[in-house]
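What follows is the residue order along each chain.
Number of protein chains: 2
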Amino acid sequence: MTTRPSTAPPADPSARALYQSMSGLAGPLSSGEGAAPDFAAAPRAAAGREPSVLILGAGVGGLTAAYELSRLGYRCTVLEPQPRTGGRSRTARNGDELYEFDGEGDSPVLTHTCAFDQGLYLNLGPGRIPYHHRRVLKYCTDLKVPLEPYVMETTANVLHSAGHTPPGAPWRNRRIANDTRGHLAALLSATLTGDDEFTGRLRDLLRKFGELDEDGEYHGSTRSGYTEPLDVHAFPAPAPPLSLAELVASEFWKHRFYQPTDYLWQPTMFQPVGGMDKIVHALTEHITSRYDVTVELRAEVTSVDLTGDGVGIGYRIGGQELTASADYCVSNIPLPVLRQLTLTGFSAEFRHAMAAVPYAPTCKVGWQANRRFWEDDHNQIYGGISWTDHPITQFWYPSNDYFSDAGTLTGAYNFGAHAEEMGKLAPADRLRLARDGAAQLHREFLEKNTVPQELGVTIAWHKVPYQLGGWADWDPSDQDHETAYKQVLEPEGDGRFYVVGDQASPLPGWQEGAMMSAQYVVAQILGLLPRTAPETVRVPDAAALTQGL
Amino acid sequence: MTTRPSTAPPADPSARALYQSMSGLAGPLSSGEGAAPDFAAAPRAAAGREPSVLILGAGVGGLTAAYELSRLGYRCTVLEPQPRTGGRSRTARNGDELYEFDGEGDSPVLTHTCAFDQGLYLNLGPGRIPYHHRRVLKYCTDLKVPLEPYVMETTANVLHSAGHTPPGAPWRNRRIANDTRGHLAALLSATLTGDDEFTGRLRDLLRKFGELDEDGEYHGSTRSGYTEPLDVHAFPAPAPPLSLAELVASEFWKHRFYQPTDYLWQPTMFQPVGGMDKIVHALTEHITSRYDVTVELRAEVTSVDLTGDGVGIGYRIGGQELTASADYCVSNIPLPVLRQLTLTGFSAEFRHAMAAVPYAPTCKVGWQANRRFWEDDHNQIYGGISWTDHPITQFWYPSNDYFSDAGTLTGAYNFGAHAEEMGKLAPADRLRLARDGAAQLHREFLEKNTVPQELGVTIAWHKVPYQLGGWADWDPSDQDHETAYKQVLEPEGDGRFYVVGDQASPLPGWQEGAMMSAQYVVAQILGLLPRTAPETVRVPDAAALTQGL
Chain Z
1 MTTRPSTAPP ADPSARALYQ SMSGLAGPLS SGEGAAPDFA AAPRAAAGRE
51 PSVLILGAGV GGLTAAYELS RLGYRCTVLE PQPRTGGRSR TARNGDELYE
101 FDGEGDSPVL THTCAFDQGL YLNLGPGRIP YHHRRVLKYC TDLKVPLEPY
151 VMETTANVLH SAGHTPPGAP WRNRRIANDT RGHLAALLSA TLTGDDEFTG
201 RLRDLLRKFG ELDEDGEYHG STRSGYTEPL DVHAFPAPAP PLSLAELVAS
251 EFWKHRFYQP TDYLWQPTMF QPVGGMDKIV HALTEHITSR YDVTVELRAE
301 VTSVDLTGDG VGIGYRIGGQ ELTASADYCV SNIPLPVLRQ LTLTGFSAEF
351 RHAMAAVPYA PTCKVGWQAN RRFWEDDHNQ IYGGISWTDH PITQFWYPSN
401 DYFSDAGTLT GAYNFGAHAE EMGKLAPADR LRLARDGAAQ LHREFLEKNT
451 VPQELGVTIA WHKVPYQLGG WADWDPSDQD HETAYKQVLE PEGDGRFYVV
501 GDQASPLPGW QEGAMMSAQY VVAQILGLLP RTAPETVRVP DAAALTQGL
Chain F
1001 MTTRPSTAPP ADPSARALYQ SMSGLAGPLS SGEGAAPDFA AAPRAAAGRE
1051 PSVLILGAGV GGLTAAYELS RLGYRCTVLE PQPRTGGRSR TARNGDELYE
1101 FDGEGDSPVL THTCAFDQGL YLNLGPGRIP YHHRRVLKYC TDLKVPLEPY
1151 VMETTANVLH SAGHTPPGAP WRNRRIANDT RGHLAALLSA TLTGDDEFTG
1201 RLRDLLRKFG ELDEDGEYHG STRSGYTEPL DVHAFPAPAP PLSLAELVAS
1251 EFWKHRFYQP TDYLWQPTMF QPVGGMDKIV HALTEHITSR YDVTVELRAE
1301 VTSVDLTGDG VGIGYRIGGQ ELTASADYCV SNIPLPVLRQ LTLTGFSAEF
1351 RHAMAAVPYA PTCKVGWQAN RRFWEDDHNQ IYGGISWTDH PITQFWYPSN
1401 DYFSDAGTLT GAYNFGAHAE EMGKLAPADR LRLARDGAAQ LHREFLEKNT
1451 VPQELGVTIA WHKVPYQLGG WADWDPSDQD HETAYKQVLE PEGDGRFYVV
1501 GDQASPLPGW QEGAMMSAQY VVAQILGLLP RTAPETVRVP DAAALTQGL
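First to last, the protein sequences are chains Z and F. Each residue of the first sequence is one higher than the one before, starting from 1 at the first, in my numbering. Each residue of the second sequence is one higher than the one before, starting from 1001 at the first, in my numbering.
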């Protein structure tokens, strides 16, 4: 790796126009739709003068930067401290080792080894792809990563809340959703007094919206399910409705019930067949086999020096201390990890920015079930999420391998205080807690033959080495975050050092954000965009974007 | 085939209890869930005295009856007039010939031959399986028919209605759905005056339900999409909302917009991988290879005689007139076809019942598209249905082979007057009409290279030989139908002749109904249920159950 001066010209208006044309969209439905920019039309690096790039971290952002830059002739090297690529895009399979800091020493400890049966897997990080995340979908198409629908919500899913009547009995999604619609529509219908055309139509809309009777009253609907199984001589009769009083008293909407309504979780969502890490594996395979990119695993970066001509990196493989240098450095390292390195030549503003944003605590739990009981005649659940006021917060059913014998379940995915508390527990205790929560939704969790304790996996992302959290917890209401977010978008070292990842995107916690960030930085390095942060910068609302709050 | 007297005893209370235990369910979530009865526990026919059964029609109902009876030792023969099994469960593929009566002569004519590329297919009849249709799902599991999710609705789907502003511009599902919710919630919130706990919580629910601001007002939501594509420095801004006035003026709800809310169309739905006819093929293969059932294709039944000891059947293969007899006869023939046969020994009440119920007109159109333009950055549509006030009524996108090159689209599926009118057109004219309707949704239909005219297929089920309609159009408000439906459930000829099919079920137009009906008749033949119609019988509401009205 040699050091040479930056060769790309600063971005001018025509370069910017070229960049815009790469991501251009037109047509009547296009406003807001979004498209992945295509760098195929970008200028290749001049032969013999190909700039070198050191990419720190083989997460989604780092791999995307390596992919785009290497196919334009840039000489890329990726340094990754873990024995695998992907960062938080991790899928647990048999034999995978999970490490966390245990709060005792400085070194992470092996918490457990995944013991799922061969062929079973569970996504520990991102688990779904919205249809409008065009970058993720484009890379999957280009790299031939097969996708299948991810089901976010089925009306057979349940909600467990202590506010329910009878206490503790889970309610079906379809009853909550449709009985609520019915009652609200009836309340509104009762307030309408006019007999003009608009009011008449509005009444008609409400009847359809809430399935009201001719008088605008709600007395239940087969949308909520049937009273009893059909037979040839019977007629589908509506399940007796939950009353508005029960629904309101339960405060069901506080348990993310309406999250699937949000744009990020609307159908049709996708997941890669075989696990989310198929994407990072395809990226890794592509850049190493096709573009000769070196991906150094177990290479832990210890220092970054911007005081020379290029960027100087110190890193460690095994016990060996090594150095490297390049024209550019793209850092996919999470900010809480980056700020622990020996950083030389960085601005005070950047140091402040790294410290300003906390990373969100979040835990997941995964179970192997030896029988897909949730798909049986009692449960009839095929994918989607059940919600609960128990600390596990949510419970995912697999959107793959329906009707097969065994399967894996996401037995917890939580945030904030619940995640903090759960993360403090030893992994075995987390599994015990998660089993309690799951058993409130499904009594099958009382049968350890069905869901063996020793096959559970758990991760507290805020305790995972090289990650230290689920995502950058950007908060638009925090004044410090405004300065910090803008600073993170600002290259350091005279346009040589760039931060990428979902941490530098409006989509914290999403692979699309990591790819968007990488493409943005690639456009800067190529000289298609100015090497400064945009004048106006909006701080992402991490809570809304990860949890639908 | 020999004739012998009926050997099964009349149903007694213990037999009925056995039948109930076969379909039993228990547990907190089970009310109304439903399960497929399992005849494995039913008594087998005595060796050497196995009764014979003639099954008329190899539709879903006939094949199900053959499957259940043959595995209990009954000797079954199926007579099917068409060169394939499945009846309305038909999937069009390259080389398939479509016949219809053209109104000129007595014989059907070949309207066209499907010219799809090899590997492409389109379901011309049933196209989806609800998660609570336990019989269909159980047979698929037992017969190892692979299933994949059928996506009924995606928020990228569009609605075209002449009432829109600007006129003719399709609206996205997500805008209609969420802006309507927002406006309705705000209207209701504004009427709330109390400050008690209930009202406070109700206000909170409405804020979440409609995504209202702190004052209970609706100013748009990212649930409806973003104003513009995201970039690293931007924040997802809500698309400007459709106004309540626009929404109400459009009367969007009259175009089946809320059909996906109904229980029959709620997620998760399924479809067999490779085409709906995989189910009937698996049933056919199983009964012929494993239980030695003879399925005679091109065997057109001409007469049924109940005056002898058993049932006598006259039928025709090619020019040859043949006869057969059996202890029992199970007729899967649609009632409008059955009543055209020479029927001897049938009651006047049954003759009246056959004539009482009309069969519903319904048309479908299928297109091959050489490019999946609906999945591109402009459209972002992966499955689901777009709705229109054009006579095509609905427009289905494939829920299979996402991200591949070509695909098939359902370019029309209509009912009532639209279906009558469309059915009157010659197939080429139907395709021209359907293209006009599709082009209002997708301008890509103006490109004949993308959607070639000569690859279109169309079917008017009410003109199809041996079918004569989409389903029995049972109407609970018609007094004649009450008598007729009960009569159809009543065996003729002293318990020897039974009608099966979705026509004799509470689910007209659904395979689950056909299977339910077959299982009911099987239980009667086995002596597990009485051989009379139940005292109380409810007439199915075909319009609601097929069209979500």
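None of these hints come from the bench; they were simulated from the model. A portion of the hints provided could be inaccurate.
Said to hold, decoys possible - Here are the simulated distance ranges between beta carbons:
(1) Z:Ala533 with F:Asn1094: 11 to 21 Å
(2) F:Ser1021 with Z:Pro465: 48 to 58 Å
(3) Z:Arg371 with F:Arg1351: 32 to 42 Å
(4) F:Gln1118 with Z:Ala439: 45 to 55 Å
(5) F:Pro1240 with Z:Thr536: 44 to 54 Å
(6) Z:Asp405 with F:Ser1021: 42 to 52 Å
(7) Z:Ala439 with F:Asp1494: 34 to 44 Å
Stated by the list, open to error - In silico lysine-lysine, BS3-like type, Cα no more than 25 Å apart, as pairs:
(8) Z:Lys254 with F:Lys1254
(9) F:Lys1254 with Z:Lys208
(10) Z:Lys208 with F:Lys1208
Computed from a predicted model, the values in this text were never measured in an experiment. Each residue gets a CB set at the ideal place from its N, CA and C atoms; glycine is no exception.
Hint-by-hint comparison with the structure:
1. Z:Ala533 with F:Asn1094: 11 to 21 Å: violated (56 Å)
2. F:Ser1021 with Z:Pro465: 48 to 58 Å: holds (56 Å)
3. Z:Arg371 with F:Arg1351: 32 to 42 Å: Violated, since Arg371 of chain Z and Arg1351 of chain F (Cβ atoms, about 51 Å apart) do not stay within the stated range.
4. F:Gln1118 with Z:Ala439: 45 to 55 Å: Check passed, 51 Å falls within 45 to 55 Å.
5. F:Pro1240 with Z:Thr536: 44 to 54 Å: violated (20 Å)
6. Z:Asp405 with F:Ser1021: 42 to 52 Å: Since Asp405 of chain Z and Ser1021 of chain F have Cβ atoms about 25 Å apart, the given range 42 to 52 Å is violated.
7. Z:Ala439 with F:Asp1494: 34 to 44 Å: violated (55 Å)
8. Z:Lys254 with F:Lys1254: violated (32 Å)
9. F:Lys1254 with Z:Lys208: Distance of about 9 Å is within 25 Å: holds.
10. Z:Lys208 with F:Lys1208: holds (21 Å)
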